[in-house]
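Novice: So the sequences go chain by chain: A and B.
The numbers in the numbering used here rise by one with no breaks, and the one at position 52 of the first sequence is 52.
The number in the numbering used here is simply the position in the second sequence, starting from 1, with 290 added.
Check the hints yourself; a few may be wrong.
Stated by the list, open to error - Calculated from the model, a selection of chain B residues having no Cβ within reach of chain A, i.e. all distances over 10 Å: (1) Glu383; (2) Ser391; (3) Glu403; (4) Arg435; (5) Ser469.
Unchecked claim - To give a feel for the contact side, a few chain B residues facing chain A, derived at Cβ under 7 Å: (6) Ser356; (7) Tyr359; (8) Gly372; (9) Leu376; (10) Thr380; (11) Gly388.
Claimed, not checked - When the alpha-carbon atoms are kept at most 30 Å apart in a straight line, the in silico BS3-like pairs for lysine-lysine are as follows: (12) A:Lys79 <-> B:Lys484; (13) B:Lys395 <-> B:Lys350; (14) A:Lys163 <-> B:Lys395; (15) A:Lys56 <-> A:Lys210; (16) B:Lys350 <-> A:Lys163.
Hints were generated in silico from the structure; no laboratory data involved.
Just so it is clear, CB atoms sit at the ideal spot from N, CA and C, and this is done for glycine as well.
Below, each chain spelled out in residue letters.
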Amino acid sequence: MLAQQLINGLSVGGIYALLSTGYALIYSLLGFSNWAHGEVAMLGAYIAVMSVIAAKLPFVASLALALAGAALISLVNEKFFYRHIRNNNSPTMFLMIAAMGLSTTYKNLIVVLVGPKFKYFPQILPFESFEFCGINVGVLDIFSIVVSLAAIVLLDVLIYHTKFGLGIRGCASDSVTAELLGVNVNRYILIVFLLAGGLAGCAGVLLGMKYTVYPSLGNVALKAFIASVFGGLGSIRGAILGAFMIGILETLVSAYVSSGLRDLFTFGLLIAILLIRPEGLLGKSVEQKS
Amino acid sequence: MLSVTDVHVSYGGIRALRGATLHVKPGEIVAVLGANGAGKTTLLKAISGMVPCTGEILFKGAKRPSSTYRLAGCGLCHVPEGRRILANLTVLENLQLGAFSRTDKRGVAEDLERVLTLFPRLRERLGQYGGLLSGGEQQMLAISRGLMGRPDLLMLDEPSLGLAPIIVKQIFDIIREISSFGTAILLVEQNAFKALSICGRAYILSVGEIVKTGAREELLDNQTLIQGYLG
Ligand SMILES: Nc1ncnc2c1ncn2[C@@H]1O[C@H](COP(=O)(O)OP(=O)(O)O)[C@@H](O)[C@H]1O
Ligand SMILES: [Mg+2]
Numbered sequence: 001m002l003a004q005q006l007i008n009g010l011s012v013g014g015i016y017a018l019l020s021t022g023y024a025l026i027y028s029l030l031g032f033s034n035w036a037h038g039e040v041a042m043l044g045a046y047i048a049v050m051s052v053i054a055a056k057l058p059f060v061a062s063l064a065l066a067l068a069g070a071a072l073i074s075l076v077n078e079k080f081f082y083r084h085i086r087n088n089n090s091p092t093m094f095l096m097i098a099a100m101g102l103s104t105t106y107k108n109l110i111v112v113l114v115g116p117k118f119k120y121f122p123q124i125l126p127f128e129s130f131e132f133c134g135i136n137v138g139v140l141d142i143f144s145i146v147v148s149l150a151a152i153v154l155l156d157v158l159i160y161h162t163k164f165g166l167g168i169r170g171c172a173s174d175s176v177t178a179e180l181l182g183v184n185v186n187r188y189i190l191i192v193f194l195l196a197g198g199l200a201g202c203a204g205v206l207l208g209m210k211y212t213v214y215p216s217l218g219n220v221a222l223k224a225f226i227a228s229v230f231g232g233l234g235s236i237r238g239a240i241l242g243a244f245m246i247g248i249l250e251t252l253v254s255a256y257v258s259s260g261l262r263d264l265f266t267f268g269l270l271i272a273i274l275l276i277r278p279e280g281l282l283g284k285s286v287e288q289k290s
Numbered sequence: 291m292l293s294v295t296d297v298h299v300s301y302g303g304i305r306a307l308r309g310a311t312l313h314v315k316p317g318e319i320v321a322v323l324g325a326n327g328a329g330k331t332t333l334l335k336a337i338s339g340m341v342p343c344t345g346e347i348l349f350k351g352a353k354r355p356s357s358t359y360r361l362a363g364c365g366l367c368h369v370p371e372g373r374r375i376l377a378n379l380t381v382l383e384n385l386q387l388g389a390f391s392r393t394d395k396r397g398v399a400e401d402l403e404r405v406l407t408l409f410p411r412l413r414e415r416l417g418q419y420g421g422l423l424s425g426g427e428q429q430m431l432a433i434s435r436g437l438m439g440r441p442d443l444l445m446l447d448e449p450s451l452g453l454a455p456i457i458v459k460q461i462f463d464i465i466r467e468i469s470s471f472g473t474a475i476l477l478v479e480q481n482a483f484k485a486l487s488i489c490g491r492a493y494i495l496s497v498g499e500i501v502k503t504g505a506r507e508e509l510l511d512n513q514t515l516i517q518g519y520l521g
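Isolated chain B (complex conformation):
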């Protein structure tokens, strides 16, 4: 599905990503764990073409398009850090914008129904401005908006950030449910134990480098290592 090989990103003199290599197979949930500033967001931005990078990024076996706006149409949806809900568009308009690259009206209507079933709270708020939603609702909307692109791979940047534990639990349950429909998920998180509770494999990123990778059980067994890197 996704294969990232030796990707480097620098911001001016700061080398934020130094040779990241990872892959995601169809239907998998893969987590990238790391402390604040480890380079997780930068990794997703590199995959989406939002920052210039070197290295190779293949999506579904081909080079990913170089323009960011083409990715959604190819089946790669990126739910950005901080949710980035369009504040003065309504909830429905946010969702419609998520399906912007699609032309299959029937499919879009089906997917709208599907995300509203996943997140019934959004249905009550369809006509409200996105900026008026609570943090948890905004995260639900951000994920739903990503799903409206009917992605083969959904990339989530810290969906738990700033949310109450009970909301985080709801959101992670739904991420697992989304994966059960066959969508592959690349989940970036600081909240390692939460992420390890749903992923199959994980990579640990520290100061721009992938320092450890393994299956979920293997990493869970090695708590001192996780604590070392994630504090």
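Next up, chain A with everything else stripped away, as it sits in the complex:
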């Protein structure tokens, strides 16, 4: 029972991590919470589900399409909205408001274009569950864990072990100086939106497969946002850690306490963290020293 719940928690945590890392990346570069991020995931889920149901594409092709589509939508958000607001030297608050506007627009667009009804992925994996050492393991959960872990490990290597990642961390630390040192900051921001969008699209598809696809699917991104606050706003590794903690906590609370109290625990923990350790679990306090 506990092992089963842990697997479930890891699969939820992995999905949250795909979203929270995107939040963290964008926050670390631009200093604002991208409230449209969940809707990018939702749109990714719709792209995948529609291309499977309506266009009868094979699942792998629809997944690829969803990642590419979500990445592109995320890019559009930056290139046609956020960038112009930044160039006007408007307060950061305007970026958040624009993101909220985009979020609502996308939700309504889907209601108008596709309709408000739930969409289901057909049975894609060969079977639903298998017995392993006496526990019943969901194939979808394993699939979800494998996909999200692979994406997260790749992202971590990219950010912390490549020259490209050094450029991103440089921009996040001080974009003016990074630019002086030779980093094409605007291009890096675009690439970060592409990356974050692709990860969100992946999360959307996994969520859609686990539950269903519906216009307000993106609301789960709130949990991912909390995860990134939890781990320390702007810290990629913190966002990963926070996501798995929330995923596992939620599953355990649902299973052993009450599913109705799930969110109470998550938000309670958030408030506790903000009170006790406002910089988050892995947040940098180094910055304040200099």
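Starting from the structure of chain A, add chain B with the ligands where the hints point.
Specialist: Coordinates of chain B with the ligands only, in the frame set by chain A:
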């Protein structure tokens, strides 16, 4: 190497630079001296394309690229005011970022060795976060980071700011050493006598205008003038 002609910069209504003209020849150390608020930082920012300006800026005989991020790759490195060390990157990562535009791995490794020989204190701290260094170490790192771009012209904005006299002396000795390798240096300073101790020529900037220029000896002979402009 660098030629700046009639450059103007305004911030809103404030005219921070009113027709600055100066040049730097290969291998020279040229100082720009001026009191706080004279427009020294603005001048360097204009050269780097960090603020919009009018006038002409030529680097190595051609118009300098309009995007700031391309300058380092062209051999123009700007060590900004206040050092601006990336606090949550390590010392080594700060240095690697200084070589960001370069693709010659061998040369970058050589230059890393060279700056660590110039500033042995950085070698002991390679794995530490930049934000944890002392002010003097941060200035050493900022200069080293600029050198990692293997510049033909290094622009330094007030390297002595906020540092103890003994550290300032060390840093100026090293600036002279860097110049002896053939790198041209444009040094912006409030600390006129320190700057005049190492430069060949200097310009005096006052309220956005270059009011006096001359060789080092000429300016040193004219102490009342310097005191007049620099307080
Ligand atoms: N970002 C800015 N916005 C408005 N005014 C500025 C800005 N930066 C500098 N100034 C003004 O321009 C003038 C020159 O500043 P600066 O170039 O920083 O001088 P210095 O480096 O010689 O101390 C000062 O009067 C300063 O107040
Ligand atoms: Mg200044």
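Novice: Checking against the hints above, which ones are violated?
Specialist: The structure conflicts with hints 1, 2, 4, 6, 8, 10, 12, although it agrees with all the remaining ones.
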